[in-house]
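So the chains spell out like this:
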Amino acid sequence: MIRARGIVYNSVIDKELRTRMRGWRSIAVLMGYMAVLGIIAIAVLVQQVGPSAAGQSSQAGLQLYEVLCIFQLLLILFVTPATTASAISGERQRQTWDLLRVTHLSSFGIVWGKLVAGLAFNLLLIFGSLPLFSLVFLFGGVAPDDILHTYVVFLATVLLLGMSSLFISALTRRVAASMVISNIVALAISVGIGLFTIYLEQPTRPQFGPNGPIVPPLTPLAQIDPLIALLSALPNTTGGTVLDGIGQIHHAFGLHVTMPLWGAFCLLAILISAVLFLLTAALVRSSPRWLRTEGT
Amino acid sequence: MIKEAAQVSSAAGTTEYAIEIEGMRKAYGRTLAVRHLSMHVPAGSIYGFVGPNGAGKSTTIRTLATLQKADAGSVQVMGIDIAAHPALVRDHVGYMPDFFGVYDSLSVSEYLHFYGASHGVDGAKRRQLVGELLELVDLTDKRDDPVEALSRGMKQRLGLARCLIHDPAVLLLDEPASGMDPRARIELREILRELRAMDKTILISSHILPELAEMCTHIGVIRAGEILAEGPVDEVIAALTEGTRLHITLLDPDGAPGAAQALRSYPGVNDVQVEEGRRLVADIEGDEAALASLLGHLVGLGLPITEFRMDRGSLEDIFLQVVDLGEED
Numbered sequence: 004m005i006r007a008r009g010i011v012y013n014s015v016i017d018k019e020l021r022t023r024m025r026g027w028r029s030i031a032v033l034m035g036y037m038a039v040l041g042i043i044a045i046a047v048l049v050q051q052v053g054p055s056a057a058g059q060s061s062q063a064g065l066q067l068y069e070v071l072c073i074f075q076l077l078l079i080l081f082v083t084p085a086t087t088a089s090a091i092s093g094e095r096q097r098q099t100w101d102l103l104r105v106t107h108l109s110s111f112g113i114v115w116g117k118l119v120a121g122l123a124f125n126l127l128l129i130f131g132s133l134p135l136f137s138l139v140f141l142f143g144g145v146a147p148d149d150i151l152h153t154y155v156v157f158l159a160t161v162l163l164l165g166m167s168s169l170f171i172s173a174l175t176r177r178v179a180a181s182m183v184i185s186n187i188v189a190l191a192i193s194v195g196i197g198l199f200t201i202y203l204e205q206p207t208r209p210q211f212g213p214n215g216p217i218v219p220p221l222t223p224l225a226q227i228d229p230l231i232a233l234l235s236a237l238p239n240t241t242g243g244t245v246l247d248g249i250g251q252i253h254h255a256f257g258l259h260v261t262m263p264l265w266g267a268f269c270l271l272a273i274l275i276s277a278v279l280f281l282l283t284a285a286l287v288r289s290s291p292r293w294l295r296t297e298g299t
Numbered sequence: 451m452i453k454e455a456a457q458v459s460s461a462a463g464t465t466e467y468a469i470e471i472e473g474m475r476k477a478y479g480r481t482l483a484v485r486h487l488s489m490h491v492p493a494g495s496i497y498g499f500v501g502p503n504g505a506g507k508s509t510t511i512r513t514l515a516t517l518q519k520a521d522a523g524s525v526q527v528m529g530i531d532i533a534a535h536p537a538l539v540r541d542h543v544g545y546m547p548d549f550f551g552v553y554d555s556l557s558v559s560e561y562l563h564f565y566g567a568s569h570g571v572d573g574a575k576r577r578q579l580v581g582e583l584l585e586l587v588d589l590t591d592k593r594d595d596p597v598e599a600l601s602r603g604m605k606q607r608l609g610l611a612r613c614l615i616h617d618p619a620v621l622l623l624d625e626p627a628s629g630m631d632p633r634a635r636i637e638l639r640e641i642l643r644e645l646r647a648m649d650k651t652i653l654i655s656s657h658i659l660p661e662l663a664e665m666c667t668h669i670g671v672i673r674a675g676e677i678l679a680e681g682p683v684d685e686v687i688a689a690l691t692e693g694t695r696l697h698i699t700l701l702d703p704d705g706a707p708g709a710a711q712a713l714r715s716y717p718g719v720n721d722v723q724v725e726e727g728r729r730l731v732a733d734i735e736g737d738e739a740a741l742a743s744l745l746g747h748l749v750g751l752g753l754p755i756t757e758f759r760m761d762r763g764s765l766e767d768i769f770l771q772v773v774d775l776g777e778e779d
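Chains as they are written, first to last, in our numbering: chain A, 4 to 299; chain B, 451 to 779.
Since the hints were derived computationally from the structure, they do not count as laboratory data.
No false leads were slipped in.
Sample of chain A residues facing chain B (criterion: CB under 7 Å; computed from the structure):
| # | residue |
| --- | --- |
| 1 | LYS18 |
| 2 | ARG25 |
| 3 | ARG97 |
| 4 | GLN98 |
| 5 | THR99 |
| 6 | ARG292 |
Derived CB-CB ranges, DEER-like:
| # | chain 1 | residue 1 | chain 2 | residue 2 | range |
| --- | --- | --- | --- | --- | --- |
| 7 | A | GLY243 | B | GLY573 | 51 to 61 Å |
| 8 | B | ARG602 | A | VAL11 | 31 to 41 Å |
| 9 | B | ASP649 | A | ARG176 | 33 to 43 Å |
Virtual Cβ for every residue (Gly too), placed ideally from N, Cα, C.
For reference, chain B alone in the conformation it holds in the complex (with noise of 0.2 Å):
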């Protein structure tokens, strides 16, 4: 057994993916929270996990962090299955709901002695760590105060460190900056630049979407217990965007008609639009070199142009389109 769990513990860190699901289901009753999921985590990214209410993020975060089991597909972090080697998987997982428990009493260094302990780091390495995550997380001078009355950004802060108590290289994070002002939500986020330097693989489910796309370098989207799409974040946001919108200002008003006329002219531009007298709004269908074909065309027309600027779309209108999608179904 223990040279089986060396084994397994060895294959750790080799993968690369930190997490790798191929089919998970997962149901509640009669209840089907997770339907077919597969998906893949590269090892060493920041992965936003995008998707509405009941979509099952946290049955997947949840199942991940090994609290419960799946009743389908395979599930592996860290090239451990979760299924056969639970204990195995938490040494590698750090999870932090998207609540906050606190005891009564315990001070701030005592809570996160208290997990160190329960997951088994001993005395001289566990005061090292404890110093070291309450100074990550800004925290030192709170070290002797009660965790009670901590504020919730610094609740939120030391359930980071809490969840890093045992060095894993692997963090999940449910909705982490939800109820955090916007002071805390940039502290979080720089934390978790510092973490993704310190090579720790990083999933991340939140609606803070402006903020996942800043800070993840891949995204996975999904609905209704499937991912509708994963990858690096651009690539995600143009598989998932009808084409590209296109905002378009002239020098001078008068030539907005013309300009108009001429886009709508263009082969593969759709609903052209004139907003505020010289400004134009276009969607286009193409790639950079059908953008750039179009701009030395309209060049070429002698239109006074002052800004020529695409928009590929953002998290948001992935959400809100999977949101829209969900409720067609």
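Pulled out of the complex, with its shape left as it was, chain A reads as follows (with noise of 0.2 Å):
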């Protein structure tokens, strides 16, 4: 049953999910999708075609998983924006954003359903995958949790994408604006920050201490970076992380508590999404002037 101001499924999701979901667009983005993310598992598997001795098969199952795991990520930096970033300037642009607001929606309604049908997108995209993935298991190297853990990764970046992407789309007028913000937005926030951490990581002296050298923590804002909470999820050979132990955090929100970063990655997504979904609704119950697009 349809209901206006349903607390988890209303007639916003109805109609996007039923609009988005037909026609030759979908299915062209997820087979799409599924074919570079396919042709990418066979272009690493030929790679490792040759006698392989015992551990070089799991060796090929990580490699496998890790290169499946950074590309997936990387299409939802560019998947999420485009799926999101029009939800409301979409409303806009085609004048229909008026009419939506005299419904007995509600703006959290609207917001929650233009947000629950912009990411159930991403979700199929996501779960679509997870035959490939599995892919993996048949030479070994990664375990099932290494799997739910770079999932629970991949929700929480499309979450934190999905909802940049509809706060940016609730401050703009026209869809290309929000498009081309919200993906420079994905960008910054992962490479951006990426390439700042690894600046920041370069010293300019060696320090040595009586284990080693010694290896500065990764600065807080690496903690909303997607791509280093990967990193930070990745398994390597050796029973770690790619990031081993720079990807643990030992004080997170203030509190002496130690955690993987990708886990501080996911609550920090959690936590800013619902600050701009609360913004978002805002925006949406006072729909200032200059966001109109119609005359007075």
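Work from the hints to combine the two standalone chains into their complex.
Below is the structure:
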């Protein structure tokens, strides 16, 4: 049953899912997404062809897994803004925004509906790629827990990018503007922060302790970078993670707790998304005049 | 809260005026869109909202549709204060803006179902309403067509059906006939008449003045954010036009100079002109009794009159007068 004020499922979600999934475009994006990941998987496997000694198989599986994860995250960086950045600016551009605002839907209902519908397609892509990821089990080297951790990072990334794109969409009148800004923001919080972190990690003078060189902790800014979070969740050959020691944080949210960096990223992503949700709902409710597209 | 809403809701429909605005003010930054607007739309009327561009019509309608808040003044719809209970007001108001937005890939009936669901109209009732509304706006055979494929006139009719999907008592139509061809306008007029017969109150702003005069029971004339006059159409026209224009046609053109002389010497008659030989036009002050008296006077003079017609002016005259006043300001 469709209800205007349904807490979980409302008329906006129903309409968005109906229109988004209809037609060739969604199928084309889904197939394109799978094709890119499939080609990457084949390319990695072809590179691994040859006589394998014991242990080499698991290394191949690990390498396949790492490459697939990084490419999946890169795809998410582009697809998520594309599916959510037009949610509100698109309504303004096609002049349906006021018609929606005079209905019984609350501002929370509208934003929730837009968010859920935008994320639903991303979830379809991410979970649709699971069979490809299961290929790594043929080679070994990756535990189900590792896949669970990386998928949690993917979901948190989709939530963070989806909500920030939706917020940008509420701030803009035109789809093109919200798309461009959302993509810039997505790149800034992933690649941008990543590069900045690497820059900060270049010590001018290496420091050594009794057990060898001292590795300083990553900048706190790294905790909102999905790329770094993913690296902290990816397993390595020694049973640790790609980032090893620096992938752990010991001071989170002002508390002395030790947790993997990807865990802090997920919590921060939820927190930031919640704040952006409230801000977006407030923008929808007030609908400032500078965001109106029609005449007086 | 629920009890309060129920009380407010039960008050709706018992008021003489469906829309009542007192001293409304609305500014956008330094621009004053509505200065001190007071208007009263009787329940069950078709109220034409007339005024030049920038007079404040759309601002007033958007405020009534709960899309924006007034800076000052009292705005009530069906006796409900908009500022205090905007959500309740939405139950009673159907809003049709002067543009028509479409969703790609939605069919006509899906479009109406979406807005019905968004207004909280549940399943069975919604299906029934969609069918009835499509019939009302004559789009039943287009129910499965994509909305974007409809002509402009059809889209306007669908827009009208959309704002009726929750069965509101008050319709706010902002330039509903803009861009329509003559046939579509006639169809719209017929639909509005049907809606009035269904006891809907309709506030309609339009630049197509002859049609407003024909379909409206009341008008309000707005200029620079203030209502200049409002009330039944005839009364407003009479109040805002200066005197009555008199058209007289004689049987014989030879009698025209004598008739003109007789008119000029009659009290209250001004600006007598002879047109096309046997036709005379004059402005006369006074009521219908004065006209009857003048006719008797002319007939008594033995003038062979074949036509004696008064013209009290029209909405166009009022509109032009209002625009002229605005330019003088």
